[in-house]
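Given the sequences, and given the hints that come with them, work out the whole structure.
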Amino acid sequence: MNQRAEANLDATAFAGICKALGHPARIRIIEHLKAIDRCICGEIVQILPLAQSTVSQHLKVLKAAGLVKGKVEGPRTCYCLDREILERFKRTAGSI
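Those letters in the sequence shown? Residues 16 to 111, by our numbering.
I should point out that these hints are in silico values taken from the structure, not numbers from a laboratory.
Treat the hints with care, since some could be wrong.
Said to hold, decoys possible - The calculated DSSO-like cross-link candidates involving lysine-lysine, where the alpha carbons are at most 30 angstroms apart (straight line), are:
1) K78 x K34
2) K105 x K86
3) K49 x K84
4) K49 x K86
5) K49 x K78
6) K86 x K75
7) K105 x K84
8) K86 x K34
As the list claims (entries may be wrong) - Pairwise CB distance ranges (calculated):
9) A30 x C95: 20 to 26 angstroms
10) G109 x C56: 29 to 35 angstroms
11) H38 x R91: 20 to 26 angstroms
Note that beta-carbon positions come from the ideal geometry of N, C-alpha and C, so glycine has one too.
Encoded structure:
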């Protein structure tokens, strides 16, 4: 593991992730991405009882916080969990 991966998050990044996780739909998205352990494109809308535009907004918040990576593939964006950031978040939370 490189030094960046081993380091705790700084206070600003940690607070940003806490804020991003402050909505139940975002928690469900993170849980789903962690459970399936792969990138997905349109599947998230099917697991949440929310409109496509609402899911897109939640994904935008998670991506801005660094928890989710998005990759454009044709007309769709595929999303993956950034496991390194999630582990750093968990390590930082454990050190408080």
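Hint check:
no.	hint	verdict
1	K78 x K34	12 angstroms, holds
2	K105 x K86	24 angstroms, holds
3	K49 x K84	13 angstroms, holds
4	K49 x K86	17 angstroms, holds
5	K49 x K78	15 angstroms, holds
6	K86 x K75	12 angstroms, holds
7	K105 x K84	18 angstroms, holds
8	K86 x K34	23 angstroms, holds
9	A30 x C95: 20 to 26 angstroms	23 angstroms, holds
10	G109 x C56: 29 to 35 angstroms	33 angstroms, holds
11	H38 x R91: 20 to 26 angstroms	23 angstroms, holds
Against the hints set out earlier in the document, no violation occurs for any number.
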